Amino acid sequence: MLKENFLLKKQKNKINLLDLNFKSMVNFFLKLEEKKFRAIQVMEWIYKKHCVNFDEMNNLSNILKNKLKDISIIQLPECIEEKKSHDGTIKWKLLCHNEFIETIYIPEKNRATLCISSQVGCALKCNFCATGKLGYTRNLLVSEIIGQIWFVINKIHQYKLKNYAVHSITNIVMMGMGEPLLNLRNIIPTIDIITHKYGFHFSKNKVTLSTAGVVPAINKIAGKIDISLAISLHASNDNIRNMIMPINKVYNIKMLLASIKNYLSKSTANRGIVTIEYIMLFNINDNEFHAQELSILLKDISCKINLIPWNSIHNSFYECSSNKRIINFLNYLRNKGFTVTIRKNRGSDINAACGQLIGHNNIIKK
Numbered sequence: 001m002l003k004e005n006f007l008l009k010k011q012k013n014k015i016n017l018l019d020l021n022f023k024s025m026v027n028f029f030l031k032l033e034e035k036k037f038r039a040i041q042v043m044e045w046i047y048k049k050h051c052v053n054f055d056e057m058n059n060l061s062n063i064l065k066n067k068l069k070d071i072s073i074i075q076l077p078e079c080i081e082e083k084k085s086h087d088g089t090i091k092w093k094l095l096c097h098n099e100f101i102e103t104i105y106i107p108e109k110n111r112a113t114l115c116i117s118s119q120v121g122c123a124l125k126c127n128f129c130a131t132g133k134l135g136y137t138r139n140l141l142v143s144e145i146i147g148q149i150w151f152v153i154n155k156i157h158q159y160k161l162k163n164y165a166v167h168s169i170t171n172i173v174m175m176g177m178g179e180p181l182l183n184l185r186n187i188i189p190t191i192d193i194i195t196h197k198y199g200f201h202f203s204k205n206k207v208t209l210s211t212a213g214v215v216p217a218i219n220k221i222a223g224k225i226d227i228s229l230a231i232s233l234h235a236s237n238d239n240i241r242n243m244i245m246p247i248n249k250v251y252n253i254k255m256l257l258a259s260i261k262n263y264l265s266k267s268t269a270n271r272g273i274v275t276i277e278y279i280m281l282f283n284i285n286d287n288e289f290h291a292q293e294l295s296i297l298l299k300d301i302s303c304k305i306n307l308i309p310w311n312s313i314h315n316s317f318y319e320c321s322s323n324k325r326i327i328n329f330l331n332y333l334r335n336k337g338f339t340v341t342i343r344k345n346r347g348s349d350i351n352a353a354c355g356q357l358i359g360h361n362n363i364i365k366k
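What the sequence shown shows, in full-length UniProt numbering, is residues 1 to 366, in sequence order.
Just so you know, the hints here were simulated from the structure itself, not pulled from any lab data.
Watch out, some of these pointers could steer you wrong.
Simulated restraints on C-beta separations [stated by the list, open to error]:
| id | residue 1 | residue 2 | range |
| --- | --- | --- | --- |
| 1 | Lys109 | Arg334 | 21 to 31 Å |
| 2 | Ile342 | Arg271 | 17 to 27 Å |
| 3 | Arg185 | Ile273 | 37 to 47 Å |
| 4 | Asp300 | His97 | 42 to 52 Å |
| 5 | Gly337 | His157 | 39 to 49 Å |
| 6 | Asn66 | Asn242 | 56 to 66 Å |
| 7 | Met243 | Asn66 | 54 to 64 Å |
Okay, derived cross-link-like pairs now, BS3-like style, lysine-lysine, Cα gap no bigger than 27 Å in a straight line [what the hints assert, rightly or not]:
| id | residue 1 | residue 2 |
| --- | --- | --- |
| 8 | Lys224 | Lys48 |
| 9 | Lys93 | Lys160 |
| 10 | Lys261 | Lys224 |
| 11 | Lys65 | Lys23 |
| 12 | Lys206 | Lys48 |
| 13 | Lys48 | Lys109 |
| 14 | Lys160 | Lys344 |
| 15 | Lys299 | Lys344 |
| 16 | Lys224 | Lys36 |
| 17 | Lys49 | Lys204 |
| 18 | Lys261 | Lys299 |
| 19 | Lys155 | Lys204 |
| 20 | Lys204 | Lys249 |
| 21 | Lys49 | Lys67 |
| 22 | Lys266 | Lys23 |
| 23 | Lys125 | Lys93 |
| 24 | Lys35 | Lys69 |
| 25 | Lys36 | Lys197 |
| 26 | Lys83 | Lys160 |
| 27 | Lys220 | Lys125 |
| 28 | Lys65 | Lys83 |
| 29 | Lys109 | Lys155 |
| 30 | Lys204 | Lys344 |
| 31 | Lys197 | Lys160 |
| 32 | Lys67 | Lys35 |
| 33 | Lys324 | Lys344 |
| 34 | Lys206 | Lys304 |
Please read these numbers as outputs of a predicted model, since none were measured by experiment.
Just so it is clear, CB atoms sit at the ideal spot from N, CA and C, and this is done for glycine as well.
Sequences and hints are given; from them, build the entire structure.
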């Protein structure tokens with residue numbers, strides 16, 4: 001037991017290289033009195049060759065490998081459970097430093113989207129969302145967010161080796177557990193690794209950050225981060241949004257729309273269009289009057305609107321709007337000239353759909 005505790009303490013003090021973006025990785029190797037190209041080599045091993053074992057990095061000297069082992073690790077989240085939906089969606093329950101999160105793989109005909117988490121729980125308390133009902137535990141580290149992507153890319157690679165019909169990840173959305181913009185310190189380097197040529201090298205148009213509307217953070221990242229933005233609006237006026245999304249009492253719709261315009265003025269991602277997410281709640285926000293209000297709100301915003309049929313969660317009094325009401329809502333907005341889609345219900349049979357993620361709300365005690 002004493003030996004095990006010593007090893008855990010020793011490992012805890014090591015630098016997890018998954019926490020480092022390219023700039024930080026270069027500085028790490030310069031401090032070791034190594035050349036800049038070592039950072040490129042190691043990042044290529046991790047992100048291009050899916051290798052996290054120093055011993056297998058055959059273009060590094062044994063001296064450098066041993067040095068890296070002494071002061072650093074490449075530690076990934078641990079997979080605890082995998083669930084597969086009848087529609088092909090896969091949910092992984094991952095262990096991150098004694099706490100559980102969930103990551104979702106959503107395949108389509110010619111692409112696949114990975115939905116990643118940014119926090120354990122969520123502080124925003126949106127009352128139609130299972131994650132919001134958990135409360136907030138902590139922010140995920142860069143390594144814990146990046147680790148989700150690495151894990152799933154590697155898992156899909158393994159499936160392909162077994163001749164399973166799976167698509168490589170083409171899109172990444174930060175729409176899992178938590179509010180990404182309340183974890184800005186770790187989200188910024190995470191996005192850098194996702195899009196950097198020595199990282200995962202995803203196009204900025206294929207990476208989407210979804211936020212409930214943390215206005216100061218949206219203004220802060222404008223001009224610094226250039227990826228697609230999705231806004232969880234979910235209401236056509238402040239009264240409704242105050243009721244279902246407490247954050248609106250701090251940053252109201254007018255403030256939110258102003259921050260969106262500011263972001264779009266400095267962004268070239270996704271053709272300068274923001275996605276407006278709008279959950280469909282029966283007799284709450286789904287009448288034609290609400291569609292009319294929404295069209296007025298968004299008339300000066302370059303956007304596409306994604307209507308989301310509400311997915312049921314435990315102990316909630318909400319109901320999903322009927323198909324007829326959703327179609328009527330869609331048609332009204334389209335007649336006003338908006339681009340509108342209805343999000344497909346994916347993975348609801350394994351509680352992997354929008355608003356259903358909870359990570360099982362368990363914490364392992366040691």
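How the hints compare with the structure:
| no. | hint | in the structure |
| --- | --- | --- |
| 1 | Lys109 x Arg334: 21 to 31 Å | 24 Å, holds |
| 2 | Ile342 x Arg271: 17 to 27 Å | 21 Å, holds |
| 3 | Arg185 x Ile273: 37 to 47 Å | 28 Å, violated |
| 4 | Asp300 x His97: 42 to 52 Å | 44 Å, holds |
| 5 | Gly337 x His157: 39 to 49 Å | 43 Å, holds |
| 6 | Asn66 x Asn242: 56 to 66 Å | 58 Å, holds |
| 7 | Met243 x Asn66: 54 to 64 Å | 59 Å, holds |
| 8 | Lys224 x Lys48 | 25 Å, holds |
| 9 | Lys93 x Lys160 | 21 Å, holds |
| 10 | Lys261 x Lys224 | 15 Å, holds |
| 11 | Lys65 x Lys23 | 21 Å, holds |
| 12 | Lys206 x Lys48 | 18 Å, holds |
| 13 | Lys48 x Lys109 | 25 Å, holds |
| 14 | Lys160 x Lys344 | 26 Å, holds |
| 15 | Lys299 x Lys344 | 25 Å, holds |
| 16 | Lys224 x Lys36 | 24 Å, holds |
| 17 | Lys49 x Lys204 | 22 Å, holds |
| 18 | Lys261 x Lys299 | 12 Å, holds |
| 19 | Lys155 x Lys204 | 23 Å, holds |
| 20 | Lys204 x Lys249 | 32 Å, violated |
| 21 | Lys49 x Lys67 | 21 Å, holds |
| 22 | Lys266 x Lys23 | 23 Å, holds |
| 23 | Lys125 x Lys93 | 22 Å, holds |
| 24 | Lys35 x Lys69 | 18 Å, holds |
| 25 | Lys36 x Lys197 | 15 Å, holds |
| 26 | Lys83 x Lys160 | 18 Å, holds |
| 27 | Lys220 x Lys125 | 23 Å, holds |
| 28 | Lys65 x Lys83 | 37 Å, violated |
| 29 | Lys109 x Lys155 | 19 Å, holds |
| 30 | Lys204 x Lys344 | 23 Å, holds |
| 31 | Lys197 x Lys160 | 24 Å, holds |
| 32 | Lys67 x Lys35 | 14 Å, holds |
| 33 | Lys324 x Lys344 | 16 Å, holds |
| 34 | Lys206 x Lys304 | 16 Å, holds |
Violated hints, in rising order: 3, 20 and 28; the structure is consistent with all others.
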